[in-house]
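Enquirer: As a plain string of letters, each chain reads:
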Amino acid sequence: MTTSTMDVELAVPEAYWTRARKTGAVMIVLGLLATILFGALASSENARFALGENVSGAGFDIPGTAGAILFGLVALAAGAALLVTGKHFGVLTGVALMGFIISALCWQMSVSPVSHIMPLGFIAAATFTAAIPLIFGSLGGVLCERSGVVNVAIEGQLLTGAFFGALFGTLTGSFWLGLLAAAIGGALLSAILAVFAIKYLVDQVVVGIVLNVFAGGLTAFFYEQVMRPDTDAYNFPGKVPSWPIPGLVDIPIIGPALFNGNIFSYGSLIAVAVITIALFRTRWGLRTRAVGEHPAAADTVGIRVLGLRYANVLIAGLVAGFGGAYFSMLSTTGFSKYMVSGAGFIALAAMIFGRWHPVGAFFASLFFGFFGALTGFLTSISSPIPSQFLSMLPYVATIFAVAGLVGRVRAPAADGKPYVKG
Amino acid sequence: MNVLYGLLQPDSGEILVDGAPVRIKGPGDAIKVGIGMVHQHFMLVPVFSVAENIMLGAEPAHGGFIDHGKAVKLVREVSQRYGLPLNPDAIIEDLPIGIQQRVEIVKALTRDVDLLILDEPTAVLTPQETDELLEVMRGLKAAGKSIVFITHKLREVKAVADRITVIRRGRTVGTAEPTAPESELAELMVGRSVVLEVPKEAAVPGEPVLEIAGLVVADDREHRAVDGVDLVVRAGEVLGIAGVQGNGQTELVESIMGLRPARAGSVHLSGKPITTWHTREVLRAGVGYVPEDRSVDGLVKEFSVAENLVLDLYDLPPFGGRFALDLDAIEAQAEQKIAEFDVRTQSPHQPVGALSGGNQQKVIVAREMSTPLKLLIASQPTRGVDVGSIEFIHSRIVAERDRGAAVLVVSSELDEVVALADRVAVMYRGRVLAVVSPDTPRETLGLLMAGIDPSSSSHTPGTPASGEQDTQGEGMSEHGEAAS
Amino acid sequence: MTSHEPIEAEPGATAASPDKGPAQPTPGVDQYHVDPSLPAAGVEERHDQAERQPKHRAPAPEEGKRSFGRTFREELWANNNFTVTLLAIVLALICGGVLMVIGNAEVRDQWQYLLYQPGKTIGDTWAFVSTAYTDMFKGAVVNPDTVNRWYWNMTTWQQVFYPISETLTNAAPLIFTGLAVAVPFRAGLFNIGGQGQAIMGAIGGGTVGLALSLPAIVQVPLGVLAGALLGGLWGYLVGILKARTGAHEVILTIMLNNIAFLFLGWFILQQGIKDPARSDAISKPIQESGRLPQLIPDPLLRANLAIVLAVLAAAGVAWLLKRGRFGFELRAVGHNPHAAATAGIKVGTTVALTMALAGALAGLGGTSVALGTAPALTVDMLGQIGFNGILVALLGRVRPWGVVGAGLLFGALQAGGNAMQTFSGVSVELVGVIQALIVLFVAAPALVKAIYRLRRSPAAAAQAGLAKG
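Order-wise, the sequence lines are chains L, H and C.
So for the first sequence, the numbering used here puts the first residue at 1; every next one is plus one.
So for the second sequence, the numbering used here puts the first residue at 423; every next one is plus one.
So for the third sequence, the numbering used here puts the first residue at 907; every next one is plus one.
It is worth saying that the hints were derived from the structure and are not from the lab.
Heads up, some of the hints might be wrong.
[Claimed, not checked] Derived DSS-like pairs: lysine-lysine, alpha-carbon spacing no greater than 30 Å straight-line:
1) L:K22 x L:K199
2) C:K1190 x C:K1180
3) L:K337 x C:K1355
4) H:K447 x L:K199
5) H:K694 x H:K796
6) L:K417 x C:K1355
7) L:K337 x C:K1180
8) H:K622 x L:K199
9) H:K622 x H:K796
[What the hints assert, rightly or not] A few chain H positions that, by computed beta-carbon distances, are all more than 12 Å from chain C:
10) L531
11) V535
12) K796
Note that beta-carbon positions come from the ideal geometry of N, C-alpha and C, so glycine has one too.
Please build the complete structure, drawing on both the sequences and the hints.
Expert: Pasting the structure below:
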């Protein structure tokens, strides 16, 4: 083939300060901070990392000062490697961040007046538990946006799911039917989104925002009018049972997190796997992605663009609604108004942070869940680090992600654009 | 053609396929009756692989799961059968335009179409790629496919078509054999012979106003669009830049205007370096700019005529102060300019988007000429403009020159460049091949536009010997039907 | 030469693209870019626009004719905007009525006997719903009973104006946050961050209000200024990130909302801010000298300077958009960032400043709560005024005076909703549902028309028949 001049790369030498090198420099600063500051502040007490779910049992000890310095140096080294080579961005950044966090933990735990022990199994379980609604929510986002419909109504879908789950779980006396109702509730809200966004071409962000207000108001209204006056009759769904898997549940650290689960935790893993395979291995998935990237191209090969979008938005509602039941049937028993309190927006962040990929969204949810668990732990050992700032981390991380400071994320090309023939 | 492919519905009339009337409600129906189409804007998903794009809509699958191996095999098979080599796993957005088009063709062929519609396929191709495409079309014809080939370029239809249909303004105006002389086809296409003449005196060039040296500019894809251009435009002369669209003219002008950074080289205005100036500063230094795409860059369609007439002057007295606008002054200016430039509008408050193309263009020209100019840059000044407005705009451009401004006219219409310019620079692939007199024979200019410098002896084999037979964009298109 | 359009037709997309490649994203214009001319465009408006860009091959129609047709159509639409809004409100209230019935055990149970006691069922339902809405009206505008009692000297005149005062009190922050959405919308930006910006404003204004003890004439303006400044900075952060990195403002503002919320939670616990006398998370009370003065100094009538400031802000925004130099730049960037850049307007700067202005407006909204009605800073002091501001802006069709009108309506619904809850036992949460429904219906005029046409035609036909018979 011939190559025209237009296709020859412009011979501009790549700048030295690539994103990897910039990140490397930041990591070096963090490493220095950890080594010097955390090292100086830490006490000689041991920080003990217990493997199980509680503070007793097997574990290992790291002397506070030495650990803070050592892991600070790990962060420093990884940052330096990144700065020098400019390669292995993901691995080196991960190592550097891990080093930084462990260094910080060594410091905090060694000086804590309450406890020097961190039960890793508990942290892992708490991470996963906190991540579950985020996983379902972000999967709902992925399904919707991969087909080109922006979904900022995740919050509303989760809330509707939580409400329907509690109400119908109580009315029918069966948590299975409650779960089914939760999924249908999410899908109902999704249906409104679909009709307004696809049929009436209303700005999709506008619909999403309005639907969040709508779902919040509606569930709160019925909570006040129906549920609160008679909790036993309308808002007592019972808790979903847990199904430990014998043997596997005894694996240190991850055992209690993964194998002492329930319908939600196992369901979230299955959902991630199924949606990933469906999106990338099936005919439906290929067409969905085509519709989200270039609907006109899909239309010209005879794919029903709008039909596929309707289907995807509804499925997204099912998934998010199911996940919403987590709030009223697992984390607490019963619905209370506005109980989702922003998890839908963190799920949105997780979807973006996970680059619109189910597996990415899964790990982003875990990442955000980990900070949730860490916040809880540090509060429990009376850490002076304000929990609010730790809770901010998911949001800050997302801003960094969309601003391209840690690698740019790219939405599906037709995301948010209504498709009109001709 | 969009009707034939089911993207639009006919208001009346019928479509016959193999003698039987068919109703095509969507592209799916079109494919079923054996019609495939390669769109002018490719219908490919940029982030998908070649194989994924080709199988889309007709995926080989077992129980919903895609058989990727089978798809790859199919791509290999079809591309081999028709001599269109492709890498099934390459990602579309990494491929050059010519190869993307090949993917489109293979995509249609895998669907077993008998009739292939190619809508302006050569508009985006280099001459070499065009020649390859013509060869492919001959091959397809030999393989028993029918092709409808829509193009503006006479040379191409004559090279490949078996029958030619000329369409002008939605009507079939005639058919011809490919052996018919070019003049006859041109006559059919244009409807009347166009003589474009702009009455003007000989230029009296003065001091250099715009000096460009070694300018390098990248396009949106980070490719070298302007590749070391040197140009000088003097006061009191019109320098025309001729060339097939997409040879770096857009980027050159945008770079002068401060809309696109220069990667190397310099731009001077009356001796002052303006290479890194902001657009506003360039405009304030006495530069008028008529952008090539008025609806994207020239006008805010929702704004009124009056507002558009001060779009880049609103912050100057008397229109605007530090904080406020003087709406009366803006309206007065509008009344005056509307009268002076004969803008046909109901009122100055009408949204400019409601005006015809010619009147929209006059709004831009009026605005850009409302301050004293050192330099006027006019890109495609009369594209999509009616004949009356063309003459008017041309005369205003010449008047600016006679007033002593330096004028840079960029146009892909060779006739326009020749009619307006005192000197013609021909751009090809980001370089200025030559600066010649407008009296230079057409053939020579055509060769230059095709990248062949007749003064040098090097002659690339396979490069077309004649340039563009462009005819004023009069809204015609020929159908070469290559029926076997 | 690449376009086979006729001379008169717009070359538009066809002519522009070949040299730019097939799928090049245009820098600065991303997938969420809102169309500022159509705040909540429904399908019909879009079609209307599409018509204006002639695709067909016919030569353009004569100037005069076309302009007349256009003017006529616009006239029609102006009327329809109003009609649609009105119909949307009615529709939302009907839906609200249905929800009331479902939510009330007695009336709901009565419906089981619909077939046995149709008259009673319908009667009870009507009585219940109409009483609730009457209570709402009484709580929002005026209560005739109070007027009557006042006439007979049985109550004070202040009681008569109490509902209006409550409406104005509720409306003020909503007008501010509504403007904070409307202004950026005109620049093509969707500001979801009103909540966060309002929180930062409340922190700024509230801190001045509780920490200083100056003469009111100094401290109040200082507090208002601090609120605007802090909110403005929070908005500017979005603008500058968007301008520099192209990050999408919807995502940025959502994230910054949550950050601001968490920051407020931390801030009110800090020494010097937290009320040492209390164990819960609440700041020291706002000083009397820092409070926005009430319009009428009476303990019952809460309406304060905020509503005046809000209307002034709307007037300022209206002036800016019509006559302001920055307003011209803002609107140009909103409609066509490419043309704006070509005309020498600094698009990035305009975006950043627009967001700063929006942030300042939202910040004023937060301040007006902090220094107006809230006794002290708490985490939930602002409720959802930022998000409700989005609804207000959309209902007001992103025009300043429209926002004032929508803000007053929402304020009235809120005030009336409180009264409804007290007197009819219908939860005030219903107001949120009604508000969301109004905006949803307004956003899709085609839907509203479809519903009314469906409802009207058969009914009208039946009535006509009856009349004749």
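Enquirer: Does each hint fit the structure? Answer for all of them.
Expert: Now the hints, each set against the structure:
no. : hint              : in the structure
1   : L:K22 x L:K199    : violated, 46 Å
2   : C:K1190 x C:K1180 : holds, 6 Å
3   : L:K337 x C:K1355  : violated, 34 Å
4   : H:K447 x L:K199   : holds, 20 Å
5   : H:K694 x H:K796   : holds, 13 Å
6   : L:K417 x C:K1355  : holds, 24 Å
7   : L:K337 x C:K1180  : holds, 28 Å
8   : H:K622 x L:K199   : violated, 57 Å
9   : H:K622 x H:K796   : holds, 20 Å
10  : L531              : holds, 20 Å
11  : V535              : holds, 21 Å
12  : K796              : holds, 16 Å
In the structure shown, a violation is registered for the earlier hints numbered 1, 3 and 8, in ascending order.
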